[in-house]
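Chemist: Residues per chain are reported as follows:
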Amino acid sequence: MFDVLFIGLSLSSILLLVALGLAVTYGAMGIINMAHGEMVMLGAYVSVLANIWLGANLLVAIPIAFVVTALIGLVIERLVVRRLYGRLLDTLLATWGIAIILQQAIRLEFGLSFFGIHVKGLGSGLQNVPVPQALQGTVSILGQDLNAYRIFIVAMTLVLAVATWAVMYRTSLGMKVRAIIRNPGMAAACGIDVKRTNAITFALGSGLAGVAGVLMAGFKTVAPDMGATMVVDGFMVVVTGGVGSLFGTIAASGLLGEFNALVAMVSNDIIGRAAVFAVVICVILIKPAGLFTFKGR
Amino acid sequence: MLDLINLESYYGRSKALNGITLSIPKGEITGIAGRNGTGKTTLLKTIMGLTDDSSGQIRLSDKDLITCPTHERALSGIAYVPQGRGIIPEFTVRENILMGAFANRAGKRSIPEIVPELFPYLADNMSRPGGVLSGGQQQQLAIARALAAEPDVVLLDEPNEGIQPSIVEEIEAVILRMKDDLGLTVVLVEQNIGFLRRAASSFAMLEKGRVVEAGKIDALSDEMVERHMTI
Ligand SMILES: Nc1ncnc2c1ncn2[C@@H]1O[C@H](COP(=O)(O)OP(=O)(O)OP(=O)(O)O)[C@@H](O)[C@H]1O
Ligand SMILES: [Mg+2]
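Those protein sequence lines, which keep their order, are chains Y and V. Quick note on the working numbering: the first sequence kicks off at 1 and runs consecutively. Quick note on the working numbering: the second sequence kicks off at 1001 and runs consecutively.
Hint data in this document are derived by calculation from the structure and do not stem from the laboratory. A few of these clues could be false.
Under 8 Å between C-beta atoms, here's a sample of chain Y residues computed to sit facing chain V [unchecked claim]:
id	residue
1	118
2	175
3	179
4	186
5	190
6	194
7	258
Within a straight-line C-alpha distance of at most 20 Å, the following computed SDA-like cross-link-like pairs (lysine to any residue) qualify [claimed, not checked]:
id	chain 1	residue 1	chain 2	residue 2
8	Y	195	V	1072
9	V	1108	Y	170
10	V	1108	Y	120
11	Y	220	Y	154
12	Y	195	V	1069
13	Y	195	V	1053
14	V	1216	V	1231
15	Y	120	Y	225
16	Y	195	V	1068
Residues of chain V placed beyond 10 Å of chain Y at every Cβ, according to the derived structure [unchecked claim]:
id	residue
17	1006
18	1169
19	1173
20	1194
21	1215
Glycine included, each C-beta is placed from N, C-alpha and C at the ideal position.
Modelling step: build the complete structure from the supplied sequences, incorporating the hints.
Modeler: Take a look at the structure:
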């Protein structure tokens, strides 16, 4: 039982890293970013490529993936999303298009496969990344043998969640973001450059998703279409937790991750996922604004 | 100081300002009056760049702001106290005030020295969430936030609307001090003609998104008030 809860916790951790970015881009900017899952996928591929071409292990891949996906996020914001603020459905379609382009870019090895050039680590096949020696095996905590890599995932997420909290509640960037979430017009009238702040936020959220991708690569096979389910899961967390609530996002990640693991234990993974969908649907029916929302407005 | 030339403004496709030309003198209070829905709020929003689209000129010390995004207008020295006050309920009183300091051109991010003197209640309740304050206290907070920007011009939209009478007098006194002690240029949307006559040096009367009367405050006759403000 304890180990199932622990597996649930590691699933929750990944979910949280994916959902944090979505929660802020959706909450602050009113954007449905369907390409967010592809940041997870690209993060995972960064770890694949770093392993093959640089001999770098997962730990080294984490900061690289953060920077790479944050920059890609910044480019997407600049080129596409920025032009679509306030047009929810258009952002959905446009970013979905970007998601498909990114998936194909990996499948077609950035187009090089047309010229018969193949890049090891890319293409439509499955990839694997070895877990560093230090994170293999189990660690005994309170008489329980726990998978060391899953402990690492949880710890890494904890660090990043605390860092996100600190940025949001202890820096002037965070204050700007929170002001924009609540009242973009007033924020701008107070001298806050809303576009610039949004672009930075978008990039940071993409970076977190990239890190989630690296962490996933350690226990799942990496494939070009792995992001598609992640974005769905991320949005389920956001709507369950309540838009614009950091605490809600954390709580909903925990809830859905654990629930998934528990149901998967007594049945299987597919039923586990179906059960999560059922929970989310119930939450939306009973509390359409999510479990944890701002009072009033 | 602040010159509005042929301003037009839109919400979606509907035009809410129909060519407003108005000169706002430096260091004085200019009153804006008119019935409900005549475009007073829209005029202030247009100066801040918060409507969907606008044209004309907004000249502040000879720089035209019409194409500038809102935050640049704030950073040019215009602070805005909107009709709904625009307080962020979850932000503490301190955070709400410091939010205004993002537009401080000297980069000062602190509570203005004058705040404890003008608004002792705020100074004593810096850590309370803005949302729990009364309407009058929120109005004071919105003014304190504007002052944190150390602006040249302050746009005030019906600061006394829906506020308990005891605080109305305080707010009126603060508005006068903004002009007299801080040397600010004030654009004051106000329905209380008595207060406008006491405080403002000039006025503009709006009707259907147009200026129908404007001039020195002495020229604001009872007959004009009768014609343009009674329902
Ligand atoms: N957000 C909006 N979208 C569409 N139309 C609007 C919007 N805000 C105001 N209007 C319209 O613009 C016109 C001017 O409104 P405005 O709020 O500027 O009036 P006002 O003079 O400030 O009125 P009040 O005294 O009630 O505050 C009105 O016809 C109003 O219906
Ligand atoms: Mg109004």
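Chemist: Would you mind marking each hint as holding or not holding in the structure?
Modeler: These are the hints, each one checked on the structure:
Given hint, residue 118 of chain Y at the interface with chain V, is violated; its Cβ is 47 Å from that chain's nearest Cβ, farther than 8 Å. Nearest Cβ of chain V to the Cβ of residue 175 of chain Y: about 7 Å, under the 8 Å cut. The hint holds. With 8 Å as the threshold, the beta carbon of residue 179 of chain Y comes within range of chain V, its nearest partner Cβ sitting at about 6 Å, so the hint holds. This hint holds: residue 186 of chain Y has a C-beta 4 Å from the nearest C-beta of chain V, less than the 8 Å allowed.
At a threshold of 8 Å, the smallest CB-CB gap from residue 190 of chain Y to chain V is about 5 Å, leaving the interface hint in force. Hint status for residue 194 of chain Y relative to chain V: holds, with the closest Cβ pair at about 7 Å, below 8 Å. Interface restraint check for residue 258 of chain Y: the shortest CB-CB distance to chain V comes to about 28 Å, outside 8 Å, so the restraint is violated. A hinted pair counts as satisfied when its Cα atoms are at most 20 Å apart, and residue 195 of chain Y with residue 1072 of chain V qualifies at roughly 12 Å.
Simply put, residue 1108 of chain V and residue 170 of chain Y have alpha-carbon atoms about 18 Å apart, close enough for the 20 Å limit, and the pair holds. In summary, the hint linking residue 1108 of chain V to residue 120 of chain Y is not supported, as the alpha carbons are separated by about 53 Å, beyond the 20 Å threshold. Of the supplied pair hints, the one linking residue 220 of chain Y and residue 154 of chain Y holds, its CA atoms being roughly 16 Å apart against a limit of 20 Å. For the hint pairing residue 195 of chain Y with residue 1069 of chain V, the CA-to-CA distance comes to about 10 Å; that is within 20 Å, so the pair holds.
Using a Cα cut-off of 20 Å, the hinted pair residue 195 of chain Y and residue 1053 of chain V holds, with the two alpha carbons roughly 17 Å apart. With a C-alpha separation of about 24 Å, the suggested pair residue 1216 of chain V and residue 1231 of chain V falls outside the 20 Å cut-off, and the hint is violated. Using a Cα cut-off of 20 Å, the hinted pair residue 120 of chain Y and residue 225 of chain Y holds, with the two alpha carbons roughly 18 Å apart. At most 20 Å may separate the alpha-carbon atoms for a hinted pair to count; residue 195 of chain Y and residue 1068 of chain V meet this at roughly 13 Å.
With a least beta-carbon separation of about 23 Å from chain Y, residue 1006 of chain V lies farther than 10 Å from that chain, consistent with its non-interface assignment. The beta carbon of residue 1169 of chain V sits about 27 Å from the closest Cβ of chain Y, which is more than 10 Å, so the claim that it is off the interface holds. Every C-beta of chain Y lies more than 10 Å from that of residue 1173 of chain V, the closest at about 25 Å, which supports listing it as non-interface. With a least beta-carbon separation of about 29 Å from chain Y, residue 1194 of chain V lies farther than 10 Å from that chain, consistent with its non-interface assignment.
Every CB of chain Y is more than 10 Å from the CB of residue 1215 of chain V (nearest about 29 Å), matching its label as outside the interface.
Hint compliance for this structure: hints 1, 7, 10, 14 are not met, and every other hint is.
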